[in-house]
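Student: Just remember that the numbering used here sits 16 ahead of the position in the sequence shown, which is counted from 1.
Treat the hints as calculated values from the structure; they're not laboratory data. Model, not experiment: these values are computed from the prediction. Accuracy of the hints is not assured; some may be wrong.
Claimed, not checked - FRET-style restraints, in silico, Cβ to Cβ:
1) D151 / G72: 30 to 40 Å
2) G68 / D151: 14 to 24 Å
3) A178 / A71: 30 to 40 Å
4) A90 / R191: 32 to 42 Å
5) A176 / D151: 13 to 23 Å
Glycine included, every Cβ here is placed at the ideal spot set by N, Cα and C.
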Amino acid sequence: VAFREADPPQPDQPKPDPPKPEPPKPEPPKNPQKAKVEVPGVALLLLIDRSGSMAGDKIKLASEAAIAASEALADDDLVCVLAFDEEPHYVFQERVLKAGKREYIADLISRIRVGGGTDIYPALKAARKVLNAVDSQVKHVVLLSDGFTPINDFQGLVTAMAGEKITVTMVAVGRTGSRRSSRPKSRR
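Let the sequences and hints guide you as you build the complete structure.
Tutor: This is the structure:
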């Protein structure tokens with residue numbers, strides 16, 4: 017039987033350090049989001065009838081209501097005012113303003129003067145175009161009128177606007193109404 021000699025003892029050698037564990041990698045967010053962009057909460061478009069039938073107290077009431085509505089908005093919300101007779105007219109040269117410009121907005125609304133006939137339909141179409149061009153969480157039209165207007169497809173227009181997430185409210189100003197023409201009607 018052969019025996020093998022043991023290896024001679026080696027001089028003391030430093031033992032290598034055990035490998036250090038790698039630090040944990042941060043976990044990616046569960047819902048990665050792109051940088052948030054501030055979007056105004058509300059875009060309010062005020063449609064004010066300035067036709068001859070709105071003379072006197074009606075235009076005053078409509079203007080006061082429009083000013084009150086614009087003043088209720090947050091500073092960063094958007095407001096646009098269209099005064100209309102047979103066609104819409106921008107009240108602000110800038111078309112759409114931040115609601116924080118309250119005094120400027122109130123001043124321009126209070127300067128609206130009456131005259132001419134009435135056709136709500138082109139004004140409502142213009143309101144739709146303006147609101148489709150702005151980025152906002154809520155888009156709303158408030159129409160202030162005594163309702164005298166030629167008959168048109170208001171239901172179709174308001175339905176299309178609802179499909180674009182634009183809501184419409186009509187506020188009848190005064191006690192008169194027209195049996196020969198139509199008031200815009202909508203269930204939306």
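Student: For every hint, state whether the structure bears it out.
Tutor: Verification of the hints:
1. D151 / G72: 30 to 40 Å: Cβ of D151 to Cβ of G72: about 39 Å, so the range 30 to 40 Å holds.
2. G68 / D151: 14 to 24 Å: About 37 Å separates the Cβ atoms of G68 and D151, which means 14 to 24 Å is violated.
3. A178 / A71: 30 to 40 Å: holds (33 Å)
4. A90 / R191: 32 to 42 Å: With a Cβ separation near 34 Å, A90 and R191 satisfy 32 to 42 Å, so the hint holds.
5. A176 / D151: 13 to 23 Å: holds (19 Å)
In this structure, the one hint that does not hold is number 2.
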